[in-house]
Amino acid sequence: MKIGFYPGCSLTGSSREYNESLLSISKAAGIELVEITDWNCCGATAAHNLNKELSVSLPARNLALAELDEMEELVVPCAACYNRLIMTQHELNEDEALKNLIAQKLQMPLKNGIKILNVLQFLEKYFVPRLEELVKNPLEHDVACYYGCLLVRPNKVMKAERWEDPMTMDVIMQKLGAKPIDWPFKTECCGAGFSVSAPDIVGELSGKIVRSAVDRGAKALVVACPMCHSNLDMRRPAIESYLKRKVDVPVIYITQAIALAMGLSAKEAGIQRHFVPVNLTVNR
Amino acid sequence: MMHKEDLSVEIRKNTEVNVRECYQCGKCTAGCPVADRMDIRPSVIMRMLQSGDAADLDKILRSNSIWLCLTCETCYSRCPMELDIPKIMDFLRQKSLAEGKVHREARKIVAFHKSFLGRVKNNGRLHEMGLIVDYKIRSVSSGTLFQDVLLAPGMFSRGKLHILPEQIKDKKGLSRLFKNQFKSRKP
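Protein chains in written order, with this note's numbering: chain D, 1 to 284; chain G, 1 to 187.
Chain G with its partners taken away, still in its complex shape:
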């Protein structure tokens, strides 16, 4: 059972942001380009994090909002307390993923990110065609199979789509970055 104190401490440890400094002016929500699509809006997420309530945190981790955040950095730039909300969103996304709480509607977005990192792990650079194929396999249950199929010939004829991936030379050095990641490091 998580104590109320623990959540804001955990957030501060991972993001260096003190959620208690938020005084609910609402500028983050007002400037957010996707706030109207969110199930919980940014300023409300900040308030819920302040409460430190476990049920509130669970709701946030299961929300679509955290995955809709585009990291456009508008909220952070306008926040009068200079609170790095996008960094908190990154923390919440990683926690949501680790605890298996990803919102149903966000699965396509997560599938895309996973495909992206998978391609980078294999080649060191992103191969756009490989990314799309991998993404379609991962998100087949979300009905994305035929989406963008018409785009491929246009990209190809404009020389924007390569059949083979570019590869980096030092694969060994790269794979070290994907292995033995340091878990929660104390600041």
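Just chain D, with the same shape it has in the complex:
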């Protein structure tokens, strides 16, 4: 089975283990993710903060290219890219005149009807019904499922169920044999795009998240967003200086958790690329 794929820039660099683990589990499940031909950056926070038109035209180019590639469904693993693509699709469908202007500028047709899936929607549709058959090594750990902002908000567009206390990742982790903890920081913001320009804010916001997870007994945080991951993992020194204590809880992508539970190798899951070492012993 072939499904359209928009990796986004982070997955080619700082979060390449997210890309590797997603592609590994898809391949093992017989799903081929096909990249949009000549895709471009979605513009991220920079575009919507500084330039309204680019915040729509950059994502729209990808949507138009995906249509030219005759994709019906598009998987967007980065939560921030997903937000920009789905918001653009929503905005253009609400505003026919803007849609026509953008299509003119792109010099490409734009029907704007492609089904965009974030990683949780993708996993729910293609993996959850088959997890029992796919799981070889149950992950018997207490874990904190951390959703962050853009997988559940804005809820008016996302229409996520239980957006203050989402459960999709918790359900997946449970099916992998883990024990998801009940905790109050599931959808708090990690500091997002301030990783470089205001790392002290990231230290505080991510620090509170990590502290809550650890204090409630989590042996790992599970995430589904490259920004959340780099803030919680790579920015650990900023977190530790805010918390004034050392914290060694690892942060793994949900796709890595699935890869390990499916019995794929640590390398196929990209576990070796983290800053905080991952020592989740898997029963062999």
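If you are wondering where the hints come from, they were derived from the structure by calculation, not from laboratory data.
Treat the hints with care, as some may be off.
[To be verified] Dumping the calculated SDA-like pairs for lysine to any residue here, alpha-carbon to alpha-carbon at most 20 angstroms:
1) K159/D with R78/G
2) K99/D with K114/G
3) K95/G with D53/G
4) K156/D with D56/G
5) K13/G with E96/D
6) K179/G with Q107/D
7) K114/G with E164/D
8) K172/G with K156/D
9) K121/G with Q107/D
10) K27/G with E164/D
11) K172/G with Q104/D
12) K99/D with F182/G
[To be verified] Looking from chain D toward chain G, a few residues come up when the C-beta cut is under 10 angstroms (computed):
13) I31
14) V34
15) D38
16) C41
17) K52
18) K105
19) P109
20) L110
21) K111
22) I114
23) C149
24) C189
25) G193
26) P199
27) E204
Predicted model, so just to flag it, every value in this text is computed and none were measured.
Ideal placement from N, C-alpha and C gives every residue a C-beta, glycine not left out.
Using the hints provided, position chain G relative to the given structure of chain D.
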């Protein structure tokens, strides 16, 4: 001189949000993860926008708050009137930038966004190493030169930092998006 009516009309035209619907319940400020760092808090910004006062607007455009907003969407999701406050923040940021009113402490954040868009304009995709170098040049006066220098070798050894950027093929089509932008379009 801006009339009181004009501001809420201008905001509505650009964001489709009617600031007059805000009844000051304060949920936006209560849930905002950076409210305690803000010089003017979200619910107060909403109240000041309702007043339509030019001096109030000027204070908002010169505030650090609008740049501290992370677009986490918590305020919008919890607002009982479903007011899209993050969209208003985008509008205010762009206005602040256009009028040269960016708060001193927010210059690093703006420098980062500018570097980011500059890299995308050049390559079509973000090259993280190029972004960091460009950002450091732009923000050198803010003392960021040596920040994160220790991070680079760790990223490199984990295969997370590439020396050369990935480039898209259709540069011409991309550069069209950066040129001749439609100014204030009437809805």
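**Asked** Keeping to a limit of 20 angstroms between CA atoms, is the pair of K95/G and D53/G held or broken?
**Response** Given that 20 angstroms is the threshold and the Cα spacing comes to 16 angstroms, the pair holds.
Legend entry - Supplied contact hint for D38/D, tested at 10 angstroms Cβ to chain G: 5 angstroms, holds
| request: Quickly compare the C-alpha distance for K99/D and F182/G to 20 angstroms and report which way the hint goes. | output: Holds, at roughly 13 angstroms.
Next pair to validate is K179/G with Q107/D; report whether the Cα-Cα distance is within 20 angstroms.
14 angstroms, holds
- Query: Hey, does the I114/D contact hint survive, CB to chain G under 10 angstroms?
  - Reply: 19 angstroms, violated
Practice task
With a cut-off of 20 angstroms on the C-alpha distance, tell me whether K121/G and Q107/D pass.
Solution key: Answer holds: K121/G to Q107/D is near 18 angstroms, not above 20 angstroms.
Keeping to a limit of 20 angstroms between CA atoms, is the pair of K159/D and R78/G held or broken? 13 angstroms, holds
Holds or violated: K27/G with E164/D, Cα cutoff 20 angstroms? Cα-Cα ~14 angstroms, so holds.
Quick one, are K156/D and D56/G close enough, alpha carbons at most 20 angstroms? 30 angstroms, violated
Restraint check for K172/G with K156/D, where alpha carbons must lie at most 20 angstroms apart
36 angstroms, violated
| query | Holds or violated: is there a CB of chain G closer than 10 angstroms to the CB of K111/D? | reply | Check failed: Cβ of K111/D comes no nearer than 18 angstroms to chain G, outside 10 angstroms.
field: Supplied contact hint for P109/D, tested at 10 angstroms Cβ to chain G
entry: With a closest approach of 14 angstroms, the P109/D hint is violated.
The structure does not agree with the numbered hints 2, 4, 7, 8, 13, 14, 19, 20, 21, 22 stated previously, though it agrees with the rest.
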